[in-house]
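With the hints in hand, could you dock these two chains into one complex?
Taken in sequence, the protein lines are chains A and B.
For the first sequence, the numbering used here assigns the number 1 to the initial residue and increments by one for each residue that follows.
For the second sequence, the numbering used here assigns the number 1 to the initial residue and increments by one for each residue that follows.
These are computed hints drawn from the structure, not numbers from a lab.
Just so you know, not all the hints are guaranteed correct.
[Stated by the list, open to error] The list that follows gives simulated cross-link-like pairs (lysine-lysine, DSS-like), each with its CA atoms no further than 27 Å apart: (1) Lys76/A <-> Lys228/B; (2) Lys116/A <-> Lys144/A; (3) Lys141/A <-> Lys339/B; (4) Lys75/A <-> Lys231/B; (5) Lys54/A <-> Lys228/B; (6) Lys24/B <-> Lys54/A; (7) Lys116/A <-> Lys24/B; (8) Lys275/B <-> Lys339/B; (9) Lys228/B <-> Lys75/A; (10) Lys75/A <-> Lys214/B.
[Claimed, not checked] A short list of chain B residues far from chain A (calculated; beta carbon distances all over 10 Å): (11) Phe127; (12) Arg145; (13) Gly185; (14) Asn394; (15) Ser417; (16) Glu419.
Heads up, the beta-carbon is just placed ideally off N, CA and C, and yes, glycines get one too.
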Amino acid sequence: MTVTTVTRQDVVDFLYREAKILDEWQLNEWAALFTDDATYTVPPLGDPNADATKSLYYVHDNRARLQERAERLLKKEAHVEYPHSTTTRNVHNIIVSNLDSDVITVECNFTTHRTKREVVDTFIGRNEYEIVLENNGFAIKSKKVILNLDSLRPHGKISLIL
Amino acid sequence: MDQIIRDNTEKHEFLVHRSVFSDKEILARERAEIFNKCWLFIGHETEIPELGDYKRKKVGGRNLLFVHSQDGEIRALYNTCPHRGALVCRENEGNSRVFRCFYHAWSFKNDGELVGMPGKDGFPEDFNDEGTKNMKAVNRIENYRGFMFVNFDENAISLDEYLGNAKEYIDLVVDQSENGLEALGGVQEYSVRANWKLLAENSVDLYHGMPTHKTYFDIKQAQDPNLKRVKLEGKGIELDNGHGVIEYVAPWGRPVAQWTPIWDEKFKADMEEMKVKLADRFGEERADRIANYNRNIVIFPNLVINDIMAVTARTFYPTSPGYMEVSGYSLAPKGENEKHRLARNNNFLEFLGPGGFATPDDNEALELCQEAYNNNQEVEWNDISKGMVRGEGNALATDEVQMRNFWRQYNTRIQESLEKEAALK
Ligand code: FES
Ligand SMILES: [Fe+2]
Chain A
1 MTVTTVTRQD VVDFLYREAK ILDEWQLNEW AALFTDDATY TVPPLGDPNA
51 DATKSLYYVH DNRARLQERA ERLLKKEAHV EYPHSTTTRN VHNIIVSNLD
101 SDVITVECNF TTHRTKREVV DTFIGRNEYE IVLENNGFAI KSKKVILNLD
151 SLRPHGKISL IL
Chain B
1 MDQIIRDNTE KHEFLVHRSV FSDKEILARE RAEIFNKCWL FIGHETEIPE
51 LGDYKRKKVG GRNLLFVHSQ DGEIRALYNT CPHRGALVCR ENEGNSRVFR
101 CFYHAWSFKN DGELVGMPGK DGFPEDFNDE GTKNMKAVNR IENYRGFMFV
151 NFDENAISLD EYLGNAKEYI DLVVDQSENG LEALGGVQEY SVRANWKLLA
201 ENSVDLYHGM PTHKTYFDIK QAQDPNLKRV KLEGKGIELD NGHGVIEYVA
251 PWGRPVAQWT PIWDEKFKAD MEEMKVKLAD RFGEERADRI ANYNRNIVIF
301 PNLVINDIMA VTARTFYPTS PGYMEVSGYS LAPKGENEKH RLARNNNFLE
351 FLGPGGFATP DDNEALELCQ EAYNNNQEVE WNDISKGMVR GEGNALATDE
401 VQMRNFWRQY NTRIQESLEK EAALK
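This is chain B alone, in the form it adopts within the complex (with noise of 0.2 Å):
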């Protein structure tokens, strides 16, 4: 295979080689190119909001510890003893000042640091003088307004130049609330027996909304007689370093601030309210888009931020070229009245999650993809064509230009890599 993606701007054309949903080597690759160089999101900072809480973390196929240390910074510490490595904290979460590694009892502090031995006498006084038997922490770890990232490349821009343009979008989902969003507690770790990044595209394709999620859409309707036609209105962006966006209506409720049926009438007022004060504090145009319009994020390469009928972030890893784990978390703004945190929570779970009317047929429509690809060796190429026809810069949230954008810059990462490689040969 010499290419991996057939990128014809003048034929309108886009095409991705099926190989890379499949091909062991490839993953390898992925692994090398993609997720030990690029941004990963570990977790949000409420998670871990007091001193000495943690939580365990699997992250790039990493075991963390992501741990707010006592000296208040928060850390990822490689969950692994620096003597024979044993996994030192078998907790999934809780609070604690010392871990201790129950094989042969070294203890650490909660910023890593090795505090305690049983015979010592059998070891040189500079032992640890270098730090190396401290557990070691991952050296970047970065925040942007609650979102933590790890990146395991030392040398990797900032999170903040990664991030881009895509931060405008991040802000406008964090914006709705004046104290900042939390993270709620159940975080959902499931999977799906598909390639991890069919994920990454699922989460930010609005073509398959109708056909795929018919069944919650007629529930819609039968909840609101008013509503006659369910329109999903809206542009696909593409963002820097990989990153893509869709921003559009839609028929479901918000919780900030667009109200529908299925919550008590007494929210109306309160909706409105809310609106005021986000006019109030950015003005009428953002107040509006920050309360009517819907967003799914990708963050390349594999989290997810949807700010939909509630907001959720996902982040998933491959452990296999047919198999992702994926953790989903429910984001919700800090101190949020108790009746409409319900409110939200049921929204959320009409739609989202393993649980809901949607998230499961997602899932499905992925292993399918997947389990055909069998059929790879004859039938190579999958189609991400939509939108060409009009131009990038007029994508419809409907267009998968947000899509191209991902496969681009997944292109120049392994494509440079085999290019590298060849010349070597």
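So here's chain A without its partners, still in its complex pose (with noise of 0.2 Å):
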């Protein structure tokens, strides 16, 4: 894969694996997806664009927070996600743009549902991504997680990779 031979579909499919392999728990292969300068990041409800000096993210990962994240989630003791909650996660609505540059840029909404203990949390929302081209494929350059709801309840936690 070359920058005149990526198509809208390329990328699409690049979505499709990401929420696959999250799916599956994957989480170290999740990380791998990722450049070495990656963010990945929730900003507050409400607020996409918050200063980060001035409001408090959820989440506000730089690459070695995010590789932290995902080999947390790992194991036994992340206590929230022992056993694993079961998770369905759907991206849809997506708009390529840029597709002819060295960084992509992606935006589409997802739903995540989460269930655990016979209880189903939804999580739904806008994802907006920088890609780039790495080693002939895709790599994420910045992930951000805007979250369309008034608040995190009933919910109560952001325990998955969103």
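See below:
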């Protein structure tokens, strides 16, 4: 895959693959999708462009932190996700821009259902990605998860990688 | 059930009856005897710094409007229209001189006074002479060093008296800044499917630190090879009126002024400088306490101020015995340098909040307790006796005296009301 041959379908397939490996709890493989300078963020509700010095994000990971996040969740002592919850991630309304530039930008809606101990929690919102080409494949340079919720009730937590 | 607490100093036994976590009548009694009578945290004064600033707040089951009125006073208005009841303000926050109820278009100044209504000729001239058609304010609202509280009991003792010697610990938190603390935006509104008292306990429980948060400490050890053994050492202390605190040293960094390897090397010098400044202001001993000691404070019944890897305040309220709504705040020195602020937030998010590496595991622990209280009928008592063998004055931070103190206060309030009722029968 080179810059000139990348198609929208390639990007869509990449998003589906990310969703699938998260649903399969292949979290190291998920972390490997990111570039060395990548970020993974979940901004405060209702304020997707909040200034991180003035407002508290839910998640504000650099590359090292997202790796720790992935590895932690695979441990038995990450109690909140042990035994692992069952998740179903759907991505839709995918809009791909700047296909022919160095940084491809992608927006999509997502719905992530998490079920554990007979309770289903549903996270809904919009993802914003910056994607680059690296080693003949895609790599995520940034992923921002904008939750379209009024509060984290009744979910109570963002223990999953969204 | 004749007793909800079994407190036996001689036998070093302290038991809490599990019905208090699941019984609806107990919850009704808590509302009447605790949430309607104690000082409850509404927010931080810096959330509404300018005239006209307002924020909606849920406190003690009420819908309040926390507002900085044009006369300079901070008020808590009941967010309900005196006409027919509709919620007057529907925005979560903003700035306004006037609040207008959309239903019949009555409008109110930001101190609650009725200033406009269509069809005035249909009402008598003295219609609002008594002020009964103004938006009503909570009569008791008081401030301690920026932390604002309301009390729905007009005859309550002052906030100052209520906080008592807990003020010493709040002072240690606030004194880390020369200009006071400010609340960050993005208050985290979440929930736990568990009884509210379990979060009060959990927030001052150091005993669970290692087993529950092992993955966090593993990460800290990987970041800092010099961190041979994780040490959590200090004291547990009972305070006035059911408040309690644990004060201890821990291996994580503190934005005032204990460096940690996830931060820029350059901050090391900044931290040294901060410590010198603290020592100038307060002397070596107090400066050491402010900089190097952690404090988890519980203010009875439902405020926690944790001065740990960052400063967080959380308040929580039960909507049913098995479900609470939590609001989590981050507090930081006013005017803090931007790089330090980011480092602080980085430290906060590693452990705290719904997306942190620790708080979700706390939620899980609480929810598992709640779920297993289905067995209350046969398995009746919780044990909260750790450290009693040492005597309450010698408790370690990993002991439970600060929780027993909470429960003793709780018991006084609930038991008294039970007894009063029994006497009437
Ligand atoms: S209910 Fe508010 S104006 Fe009628
Ligand atoms: Fe904890």
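- Hint check, failures only: Hints 5, 6 and 13 not satisfied by this model.
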